[in-house]
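These protein sequence lines map, in sequence, to chains E and D.
Every position in the first sequence, counted from 1, becomes a number in the numbering used here once 20 is added.
Every position in the second sequence, counted from 1, becomes a number in the numbering used here once 3 is added.
Among these hints, one or two may not hold up.
Said to hold, decoys possible - Quick list of in silico lysine-lysine cross-link-like pairs, DSS-like style, CA-CA up to 30 Å: (1) D/K597 - D/K164; (2) E/K321 - E/K376; (3) D/K552 - D/K458; (4) D/K652 - E/K429; (5) E/K429 - E/K321; (6) E/K321 - E/K180; (7) E/K217 - D/K652; (8) D/K652 - E/K223.
Said to hold, decoys possible - Restraint-style ranges between C-beta atoms, simulated for each label pair: (9) D/G629 - E/I465: 52 to 58 Å; (10) E/V433 - D/G629: 36 to 42 Å; (11) D/V616 - E/Q379: 31 to 37 Å; (12) D/G629 - E/Q379: 20 to 26 Å; (13) E/M296 - D/G629: 37 to 43 Å; (14) D/G614 - E/T72: 53 to 59 Å; (15) D/G629 - E/G431: 38 to 44 Å; (16) D/G614 - E/V57: 54 to 60 Å; (17) E/E461 - D/W596: 32 to 38 Å; (18) D/V585 - E/V444: 37 to 43 Å; (19) D/V616 - E/M296: 31 to 37 Å; (20) D/E578 - E/V440: 34 to 40 Å.
Said to hold, decoys possible - Selected chain D positions facing chain E (Cβ under 7 Å, derived; list incomplete): (21) G508; (22) L619; (23) A620; (24) A623; (25) E627; (26) A637; (27) M638; (28) G641; (29) V642; (30) I646; (31) F649.
Source of the hints: derived by calculation from the structure; they are not laboratory data.
Even for Gly, the Cβ is constructed at its ideal location relative to N, Cα and C.
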Amino acid sequence: MDNLHSLMIVLPEVSLAALGLLLLLVGLVNRSNTTHVVSALTVLSFIITAATLISPHRLSFLMGGTAPVFAFGTMFVDDTLARFIKLLILAASALSVFLSGGYLENHKIARPEYPVLILFATLGMMLMVSASDMIALYVGLELQSLALYVLAAFQRDDAKSSESGLKYFVLGALSSGLLLYGISLLYGYAGTTDFVKLSFVFKDAAPHTIGLTIGLVFVTAALAFKVSAVPFHMWTPDVYEGAPTPVAAFFASAPKMAALVLFLRLLREPFMPLAMEWQQIVVFIAVASMLLGSFAGLAQKSVKRLMAYSSIANVGYALSALAIMNKDGLSAMLIYLAIYFVNTLGAFGVIISLRKQGQQVEAIEDFAGIAKKNPLLALAMTVFMFSLAGVPPLAGFFGKYFIFLAAVKAGMVPLAVIAVVTSVVAAFYYLRLIKVMYFDESKQIIDACPCFGVRATVTLAALYMIIFTVWPQPIIDGAIAAISGFIRG
Amino acid sequence: MTLPLDLIAVFAPLLGAIIVGLGNRALGDRAAQIITCALMLCAATASVMLFNYVALEHHVLDRMLLPWIQSGTLNVSWALHIDTLTAVMLVVVNGVSSMVHIYSVGYMSHDKSIPRFMAYLSLFSFFMLMLVTSSNLLQMFFGWEGVGVASYLLINFWFHKTSANNASIKAFLVNRVGDFGFMLGIFGCYLLFDSIQFTDIFARAPQLADTQIIFLGHNLPALTTVCLLLFVGAMGKSAQLGLHTWLPDAMEGPTPVSALIHAATMVTAGVFMVSRLSPLFEYAPSALAVVAVVGALTCIVAASIGLTQFDIKRVIAYSTMSQLGYMFFAAGVSAYSAAVFHLMTHAFFKALLFLGAGSVIHAMSGEQDMRKMGGIWKIIPKTYTLMWIGSLALAGIGIDGVFGFAGFYSKDLILESAIASGTWYGQLAYVLGLAAAFMTAFYSWRLIIMTFHGKSRADHHTLDHAHESPLVILLPLVPLALGAVFAGYCAWNWFGGEGRAVFWGHALFVVPERDTVAAAEHVDEIYKWLPLLMGVSGITLAYVFYAVKTDWPAKCASSLGAAYRAVYNKYYFDEAYDYLFVRTARKLGDFLWKRGDDGFIDRFGPDGVAGAVVRLAQRASAIETGYVYHYAFAMVIGVAVFISWFWLKG
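All chains should be modelled from the sequences, with the hints used to inform the complete structure.
This is the structure:
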């Protein structure tokens, strides 16, 4: 009975894992368009998983689903926060699969393993955001990371891609080491890996037990690596540049959200009694990320590196929201993520669809004059860039607005001021891209790829940026409900 | 009154300006001309009917249009206030404007931007109408600035000419000086009367006649100060001595513009303003003295410069300035009705002269220098006749009690009022005005003889092309010519005669003991005949100089030497202003620009920050070396720093 109950709670993850294994088998059938089929089925699996996740049947089984429920002891937790972010992760993964099709074929790396790897990474993320124990956290994180290492190096004939995979792997291993070391320290002092029990221990512990603080620092550093926050961000530009573009797009969306929510859960639940300590770290890495992401981005010539720095700056904003730590701040962070992942996927979609003589467009100057030949694509990119720069009335403006508002309300005015200043600086590189597209003369012929998946993703993302302005309620309500259910629990 | 005549008279030009201005090229040249001319003619007809209703049937029209500003005690509305003074102005403005519109159809027929020109003209007319129909100082200021803008746009109509650019900017800037005075005057009025509504100001002016006001740290008589400030505004707009330098340069605009704006209407706005505010000025006698003296000086200075100029339009421009001087000293000696009388007659004959000059220029393929004209009266006899009529009216030729041209009645009334005032400034004005009357006659016939008589000094090419202007140019001159001939004779009774009091009603106000227009009838006969004598002798002398003894002008000029050069160079006003204001302002501007802005603000502000950001960005991205061990090192150092931080903090 107990196990059945647990299974019901982890049903979405279990079904996704089972579907993933099934898809591996499908991939073995050697047919010419296997990748297409597997990709389509992967997206279908995501849809099935999402449906399972929020099916009224399951929710009623979980007593309405407002209170958190635990599975397998206290290893796994299902609550409003986890469900909200899992939906976003599934959406981001599905869109990433959409974005990949044309690119893979063009680079002759269309293999059925690709969507399956995304699927397993997604599974890892779902476990991460539902982890309620250090061990579960580690397992989820590694499942995700291993899949991502392989994806980064997926274009294995390409030196840059291999290099980026290797770099990511080596540094990822280092961060895993930091994480494990931190966990072991915590376990050594607390005697438990369970989040709930840890929080009780921390509450009772002497406030400045240095061992606990060191453990906290190590765990935080490892997670900062996963969200690519300064100074653990160094891999990001190289990996984004080297990895296949759709993989970079995937990196910038789903794993970011998963790691940030994991961060949130960890800080808010077991580490809440140590808030005084970790808040300093989070504020520091948030400010450092915003500054570096904004300033270093100015000097970039490659659009993928630009997006990497953009993602670093954006993580800075999300971490600012995390540092606020009240309901306003946390729901602002969820709203921000819900907007940002679509925004960045859309921008990557435009980058993926541009080609010069069959080659992928990488340099910013290659965008010159595309507004003349591909006005709609340029328009979409303009929407994404304006939104990233936080120009009203596009969605990106509201994302930033809620965070700044929460920071000011919480009395963290200096943080808000830095955030505003850095977004002004970052606006320069977003606007420069628009200027290049509309006002510079093109030097070579740039074509847009006719791939359906990419076009659909770009269109949807651009519409989302605009529709959010007039109908933001679903996202805002969802985020507030997710945080309310989480904090009450 | 069944039709809303006031609305038609004021807003028909605006409608025309909007339709044609926005329609522009889409509308086409012909449609633009038809629409603006038709609407202007409607406005002119409505004005004449309004004149009949208001001035002759003695009604006063007040129409509230929209509330504008309501803030504390400041309460301003858009409103139309039409009394006799306004009605006269409406007839003048709309009458001349409609003639100029029609004239422009012919005169501008070769231009590329006809709709723009017509729209500007109509827009100007609308602003002028807003100015004259205002019931408060602010709406008047709105019209005042509006005509300034329209004037700027029209002077610079041929914007590819640098000289036109400079002239338009000069006109705008010099007017800003006057406008600043006007604004201070408005503020002063609000301070004194707690209102800028004419009715409130006029009602309280007598009580405040002896109030003091602190201005620039001095304790000054309040009304005099306010009146003088307002008069500074009038000086700017009406090109009175000191703020006059823009008017001759404004002749860079097309000739119809000179006729409408820089002769008949806009430049008379200052005279209108003083007359409108007569209930205020009457209680500030010192201010009136200043007005009279400035007017008299302008009158003589401008007339003397007019003697020496060779550009046909400039001669008429200085003549305009001189005639404005007459109007101002008339107002200064409390002869407001004489001032407005001259304003009205002057509008007719000066517009006629300008448009006639335009016809000459048109005939001479754009030539404006009188030294390159001559002997063309047989080629363009109609224009020649019209110019004669205009000049006779300007010189004020007529026989008292029989008949005279328009200028005869108004100018004589002004001069007689001046001498009748019995004040020192009245007498000064009379003497200077008399001298100016002589000069006026002289330069008018100098113009006629140099332009039309003698041997032609034009080259063959121009002469071969010389032709009489088409009907569309000549026809609008006919009503103006009729006005120049008969306006004085017909309107005498209203402006200077028995019917004066009934005609004006409460539109003008004169303190009874200073009613100089009434006193003018009783001045000695000699004062009445002197102006005519001056006019006739001026004509005679001009004839001798330019038709009989043609070497005399040059001899005269060389024997006068420095004096001639000073007059010819317009008393070096432009040079003095250039030295005093333009260059100092430029030096200050250079300093603020190069040292202040470039050297300090930009260097440390935008440029400095931008440069620093670029350097920072390069450094920040240079951290990215590509070596994994650097990256790992950064991570480890990050962890170490955090731990050290907590450890050191304890």
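When the least beta-carbon distance from D/A637 to chain E is tested against 7 Å, hint result: Holds. Min distance 5 Å.
Return holds or violated for the Cβ distance of D/E578 and E/V440 against the range 34 to 40 Å. violated, 54 Å
Regarding D/G614 and E/T72, is the given constraint of 53 to 59 Å on their beta-carbon distance met? Roughly 57 Å apart at Cβ, these two residues keep to the hinted range, so it holds.
Classify the hint on D/G641 as holds or violated, based on whether any CB of chain E lies nearer than 7 Å to its CB. holds, 4 Å
30 Å Cα cutoff - pair D/K552, D/K458: Satisfied, since the Cα-Cα distance of roughly 14 Å is no more than 30 Å.
Take the C-alpha atoms of E/K321 and E/K376, compute the straight-line distance between them, and say whether it is at most 30 Å. holds, 17 Å
For E/E461 and D/W596, compare the CB-CB distance with the range 32 to 38 Å and indicate the outcome. About 33 Å separates the Cβ atoms of E/E461 and D/W596, which means 32 to 38 Å holds.
Hint check, D/L619 versus chain E [nearest Cβ-Cβ separation less than 7 Å]: OK, holds: D/L619 within 7 Å of chain E, min 5 Å.
E/K217 and D/K652: Cα distance at most 30 Å? holds, 27 Å
Mind checking the alpha carbons of D/K652 and E/K223 for me, to see if they're no more than 30 Å apart? holds, 20 Å
Beta-carbon spacing of D/G629 to E/I465 - inside the hinted bounds 52 to 58 Å or not: violated, 32 Å
Given the hint of 20 to 26 Å, is the C-beta distance from D/G629 to E/Q379 inside that range or not? holds, 22 Å
Hints 5, 9, 20 and 21 from the earlier list are contradicted by this structure; the remaining hints agree with it.
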